[in-house]
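Q: Assemble the dimeric complex from its two separately framed chains, guided by the hints.
In case you want the letters, here they are:
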Amino acid sequence: MTETAVPTRGRAGVAIVRLLPRLLGAVVVVWGAATLAFLVLHLVPGDPVDIMLGAQSTVSGEVRDQIRADLGLDTPILQQYVSYLGHVVRGDFGMSYRLRQPVTTVIGAQLMPTVELAGLAIALAVAIALLVAVGARNRVARAIASFVELIAISSPTFWTGLLLLMLFSFQLHWFPVAGGTGIEALVLPALTLALPIAGILSQVVRHGLDRVERQPFVDSARARGLGYAGLLGRHTLRHASLPAVTLAAYIVGSLLGGAVIVEQLFGRPGIGRVALDAINNRDLPVVMALVVLAAVVFVVVNIVVDLLYPLLDPRLRTSR
Amino acid sequence: MTVVRPDLIESSGTRRRVRVPVGAILAGAVLALLVAAALFPSLFTSADPLATATSESQSPPSAAHLFGTDRLGRDVFSRVVHGAGLSLSFGFTATLIALVVAVFIGVASGLAPRAVDNVLMRVLEIALAFPEVLVALVVIALLGPGTANLVVAITIAAVPVYARVVRITTVQVRQSGYVEAAVALGQRRSAIIVRHVLPNVVGPLLVLATIGVGTAIITGSGLSFLGLGPSSPTPEWGLMLSDGRSSLGSAWWISVFPGLAITATVIATTVLGRYLQGRFEGVTR
Numbered sequence: 006m007t008e009t010a011v012p013t014r015g016r017a018g019v020a021i022v023r024l025l026p027r028l029l030g031a032v033v034v035v036w037g038a039a040t041l042a043f044l045v046l047h048l049v050p051g052d053p054v055d056i057m058l059g060a061q062s063t064v065s066g067e068v069r070d071q072i073r074a075d076l077g078l079d080t081p082i083l084q085q086y087v088s089y090l091g092h093v094v095r096g097d098f099g100m101s102y103r104l105r106q107p108v109t110t111v112i113g114a115q116l117m118p119t120v121e122l123a124g125l126a127i128a129l130a131v132a133i134a135l136l137v138a139v140g141a142r143n144r145v146a147r148a149i150a151s152f153v154e155l156i157a158i159s160s161p162t163f164w165t166g167l168l169l170l171m172l173f174s175f176q177l178h179w180f181p182v183a184g185g186t187g188i189e190a191l192v193l194p195a196l197t198l199a200l201p202i203a204g205i206l207s208q209v210v211r212h213g214l215d216r217v218e219r220q221p222f223v224d225s226a227r228a229r230g231l232g233y234a235g236l237l238g239r240h241t242l243r244h245a246s247l248p249a250v251t252l253a254a255y256i257v258g259s260l261l262g263g264a265v266i267v268e269q270l271f272g273r274p275g276i277g278r279v280a281l282d283a284i285n286n287r288d289l290p291v292v293m294a295l296v297v298l299a300a301v302v303f304v305v306v307n308i309v310v311d312l313l314y315p316l317l318d319p320r321l322r323t324s325r
Numbered sequence: 078m079t080v081v082r083p084d085l086i087e088s089s090g091t092r093r094r095v096r097v098p099v100g101a102i103l104a105g106a107v108l109a110l111l112v113a114a115a116l117f118p119s120l121f122t123s124a125d126p127l128a129t130a131t132s133e134s135q136s137p138p139s140a141a142h143l144f145g146t147d148r149l150g151r152d153v154f155s156r157v158v159h160g161a162g163l164s165l166s167f168g169f170t171a172t173l174i175a176l177v178v179a180v181f182i183g184v185a186s187g188l189a190p191r192a193v194d195n196v197l198m199r200v201l202e203i204a205l206a207f208p209e210v211l212v213a214l215v216v217i218a219l220l221g222p223g224t225a226n227l228v229v230a231i232t233i234a235a236v237p238v239y240a241r242v243v244r245i246t247t248v249q250v251r252q253s254g255y256v257e258a259a260v261a262l263g264q265r266r267s268a269i270i271v272r273h274v275l276p277n278v279v280g281p282l283l284v285l286a287t288i289g290v291g292t293a294i295i296t297g298s299g300l301s302f303l304g305l306g307p308s309s310p311t312p313e314w315g316l317m318l319s320d321g322r323s324s325l326g327s328a329w330w331i332s333v334f335p336g337l338a339i340t341a342t343v344i345a346t347t348v349l350g351r352y353l354q355g356r357f358e359g360v361t362r
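Residue numbers (the numbering used here), protein chains in the order written: chain A, 6 to 325; chain B, 78 to 362.
Isolated chain B, as found in the complex (with noise of 0.2 Å):
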C-alpha cells in the first residue's frame, strides 16, 4: 500500500500513454549494450585483451584493430569490451551494496527514539560533508589498495546520500495517517515496515541509484587511474587511460576510447536517472 493520491488513481483508469523521450531509448540501448559486452565479451571480439604483439605496437585504428593497438601492441577494442565488466561491477555491486546498508541505516534511524535519530544523522552530515572521492581515498587508505577494497571504499562512500534519503522518506511515513491507522489496528511493527515503510523508500531511491551507479563508475574509474585499484595487465579502464598517458603525443587512441566508453556509460545512467526522476516525481513529491 502506498499513499493514496486522486490524479494516480485516474490515471490507471484512463492508462495515459507515456511518450519516453529519445534521450532515454537511447540511454537504455546504450546500458544494454554494456551490461552484454560485460556478461559476455566474446560476443563482440574474439580477440584476447591480454595478447601481446610487439610487433603491432602503437598501431593506428585499423579493420584488424577497429580502436588500434597500445604501447604492448594488445587490441583496444577489445580491452575495451573486456573493461566493461570491471567498471560496471564497480557501479552496480558497490551501489547495491551501499543501497542495503542505507536502507538499514535509514530506517533504523527513521523509526529510532529522537536521541538516536539525531546521532546517526549528524554522523551522516558529518560523512555528507565530504566529496565521495574523499571518502574513497581515506578507505583506501585504511585498507590498502586492490579491487575489492576499491569496491568497498565506493561502497561505504556511497552509503551517507542514500541512508539520509531512505531516513527522510521513513520519517514521512511514519508521521502520515496510514502508518497510525495501522498501528492502532495492532499491526506489528515489523509488518509496518515491510509493507507500508519499504515500499514508499524504493522510487525515490531507484532514481537516486541509476544516477549513482555512474559516479560510482566515475570514482571506481578514478581511483583506479591513480593506482588504487587493479593493477596493470587487467583490462580496466581508468588503468588503460593511465598507461595512455605515457604515448599522449604519439598514439591518440590508447586513452581516447577507453574515456569515451567511461563517459558514454555515465551519460547514458545520468539520462536514465533524471527521465526516471521526471516520471517518479509525481509518486514521490
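Excised from the complex, chain A in its bound form (with noise of 0.2 Å):
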C-alpha cells in the first residue's frame, strides 16, 4: 500500500479520496467473477440446449435452433459476453437448466433464510469470543481458553453439528431435530456455524488485549481512575477489536461456506442448499450466479470495513 499525502479537505473529502480506489478494485473483482462466469458456462462442454431439454429429449432439430435463437447462442461469442454483462448489471442471470425459472428469481426465494443464519451466527460468534477474551485475564484461564479455541477452529462444522444434535435435540430435548421454523430451529445450526468463527476472533481479540494493555494510554487512564470495566468499555476492547475486523471479509466467507455444509446437515432451506443442489445437477447458470454473489457480498464486506476502520481507530481519522 502506498501512502500519499492526502491534504485536508474535511473527512468526507479525505474518506472519498480513500475509498476510489477501493471501488475501483471492487468492480473489478466483480467483474472478473461475471467474467469467469461467463467463460464456465460456455467452454465447458455439453450444449447448454441439451442439459435443458434432458438426455432421453426427442425435440427436433428445427425446435433446439429456435431455442439456441432464443437465448442468443446462436451470435458471436463476444456479443453474448456483452449482453451477459449488460444483464449481470441489471441483476439477469439467464435462466435455471433444471428449475426452468430465473436464476434470480431461484437464488431470491432462498435467500432469507440463509441471512437469518449468518446474522444469528455472527451475533453468536462475537458474544463468545468476547465473553472468552475479557473473562480468560490470567494464565489458567488464558492456557483454557487458548486450548477451547485450537479444538472450536480445528473441529469440521459437520461433525460438531452433529454433536450438539446429540446433545440437545437427542438427549435434552431443548431443540427440534430437524425442519421446525421459529427461532428455536435455528438456534443449533446458528451455534455451529458460529463456534469456529468464535474461536479465532476470540484468538484475535485475547491477544489485542493483551498488546493494547501494555500500551502507555492505558497507564494513564488507570492514573485518572479508571477501573477495568471503564478501560473495556472505553479503550481497550475497541483497539483489541480493530485487527478482528479486518477479518470480516474471511468472516463472511466462511459463512457462505459453511452454510452449505449446515443447512445440509440440519435440513434447513436457504442459499447453501440451492448451492448443492446445483452442484449435484451441473445446474450452471445456478452455480456462476452464487460465485458473482459471493464476490459482490465479499466486495461490500470490504468497503464496509474501510468505512468503518476509522471510525473505531481515531488516529486515522486525520492526517491519513
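The hints are simulated quantities; they were obtained by calculation from the structure and are not laboratory data. Certain hints may be false.
To be verified - If you want the footprint, here are the derived chain A segments under chain B, 3+ residues with CB under 8 Å:
#	region
1	239-245
2	279-290
As the list claims (entries may be wrong) - A few chain A positions that, by computed beta-carbon distances, are all more than 12 Å from chain B:
#	residue
3	S65
4	Y86
5	L90
6	I112
7	A114
8	L116
9	V120
10	G124
11	P221
12	L236
13	L316
What the hints assert, rightly or not - Coverage of chain A stretches by chain B, computed from C-beta distances (three or more under 8 Å per stretch; other residues unrestricted):
#	region
14	34-48
15	150-159
16	224-235
17	254-260
Ideal Cβ placement from N, Cα and C applies to all residues, glycine included.
A: Following this line, the structure appears as C-alpha cells:
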C-alpha cells in the first residue's frame, strides 16, 4: 500500500479519496467473477440446450435451433459476453437449466433463511468471542481459553453440528432435530456455524487485549482512576477489536461456505441448499450466479470495513 | 545461500539448545500414528472395514469392537483406521500439488515484467476473495463429484494462498543486494532462481503448508460429507459422519469417532504448524 499525502479537505473528502481506489478494485473483482462465470458457462463441454431438455429428449433440430436463437446462443461469443455482462448488471443471470425459472428468482426465494442463519451466527460468534477474551484474564484461564479456541477452530462444522444435535435435541430435547420454523430451529445451526468463527475472533481479540494493555495510554487512563470495566468499555476493547474487523471478509466468506454444510446437516432451506442442488445437477447458471453473488458480498463487506475503520480508530481520522 | 543475519551466525557457533514444547511433540506423535495407519492399516486392526454383519448392527463400543459397529454391523474402529489413508491423501496430495503449482506461478509472477505480475496478482486476489470451500465446490460443479475430482478441487482452492506467499518472497529476494551481485557476476537467470529464490521460498511455505494440510483435510471430508467425494462403502471420515446422521439418537459412536479423528488430525497439523512458524519466524521475517 502506498501512503500518499492527502491534503486535508474535511472528513468526507478524505473518505472519498481513500475509497476511490477501493471502489475501482471492487468493480474489478466483480467483473472478474462475472467473466469467469461467462467463460465457464460457454467453454464447459456440453450443449446448454441438451442439458436443458434432458438426455432423453426427442425434440427436433429445428426446435433446438429456435431455443438456441431465443437464448442468443447463435450470436458471436463477444456479443454474447457483452450482453451477459449487461444482464448481470441488471441482476439477470439467465434461466436455471433444471428449474426452468430465472436464476434470480431461484436464489431470491432462498435468500432470507441464509441471511437469518448467518446473522445469528455472527452475533453468537462475536458474543462468545468477547466473553472468552475478556473473561480469560489470568494464566490458567488463558491456557484453557487457548485450548478451547484450538478445538473450536479445528473441529469440522459437520461434526460439531452432529454433537450439538445429539446433546440438545436427542438427549435434552431442547431443540427440534430438523425442520421447524421459528427461532428454536435456528439456534443449533447458527451455533454450529458460529463456533469456529468465535474461536478465531476470540484468539485475535485476546491477543489484542494483551498488546493494548501494555500501551502508555492505558496507564494514563488508569491514573485518571478508570476501573477495569471502564477501561474495557472506553478504550482497550475498541483497540483490541481492530485486527478482528479486518477479518470480516474472511468471516463472511466462511459463513457462505459453512452454510452449504450446515443447511444440509440440519435440513434447512437456503442458499447453501440451492448451491448443493445446483452442483449435483450441474445447473451451472445457478452455480455461477452464486459465484458472482459471493464476489459482491465480499466486495461490499470490504468497503464497509474500510468505512468502519476510522470510526473505531481515531488515529486514522486525521492526516491520512 | 540465504539472507545473512548476524544473530544466526552467532547461534550456529554456540548451538542454542531448542526446547520443543510438549504440544508439538504430541502433535508429531499423532501425525506419525496417522501416517502409520494410512500406510499399514493392518497393523492396527484385523477387522475388515467393509465386512457387514447384520446380527451385530449398531452394537456399542466393546472389547470386540473398540468403537462399536455401524448400521450394517461394520467395525467402526477398522473403518476409522482405514479411512486415515484417504483423508491424509486429501490433505497431503492436494497440498503437495498445490505447492508445486504455486511455486511456478509465484516465482514466474515475481520475476515477470511489472504488467504481467500485476495481472497475475489481480487474478490471484480475485481467487482469494472466495473461501476455499466455495472454490472447491465450483470446481466440483464443473468436473462432477468423485474422489479424484475432489482432490483436484481442494488443490485448486489451495493454490492462490501459497502462490501469493511465493510471489512476495520472490520479489523480496529479487530486490536484495546479493541477487544484484549475482546478476553483476553474470549468473544465469535459472541459476539465480534455483540458488537464491527457491531456498528463501521454502521456509515460509513449509509453515503455511503444515497448517494448510489441516485445512485441506477439513475441506475434503466436508465435501465428502456432502456426498461429492468417494461413494458409499468406502471408509472415509466425512462419509462415515454422513452415514451416522440417521442414527444420532440411537448410536452416538458411529459419528463421534470419525469426527474425533478429523479433529485430532487438524489439531495436530495446526499445533505443529504454529510451532514451526515460531521457529522459522526469525529466519523468514
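Q: State for each hint whether it applies.
A: Going through the hints against the structure:
1. 239-245: violated (count 0)
2. 279-290: holds (count 7)
3. S65: holds (29 Å)
4. Y86: holds (17 Å)
5. L90: At about 16 Å from chain B, A:L90 clears the 12 Å cut-off, so the statement holds.
6. I112: holds (15 Å)
7. A114: Since the minimum Cβ distance to chain B is about 20 Å, A:A114 lies beyond 12 Å and the statement holds.
8. L116: A:L116 is indeed farther than 12 Å from all Cβ atoms of chain B, at 17 Å.
9. V120: holds (17 Å)
10. G124: holds (18 Å)
11. P221: holds (26 Å)
12. L236: It holds; A:L236 is separated from chain B by about 30 Å at its closest Cβ, greater than 12 Å.
13. L316: holds (24 Å)
14. 34-48: As far as the region 34-48 of chain A goes, the hint holds, because 5 residues have Cβ atoms under 8 Å from chain B.
15. 150-159: holds (count 4)
16. 224-235: It is violated: at least three residues are needed, and the region 224-235 of chain A offers just 0 whose Cβ sits closer than 8 Å to chain B.
17. 254-260: It holds, with 4 qualifying residues against the three required.
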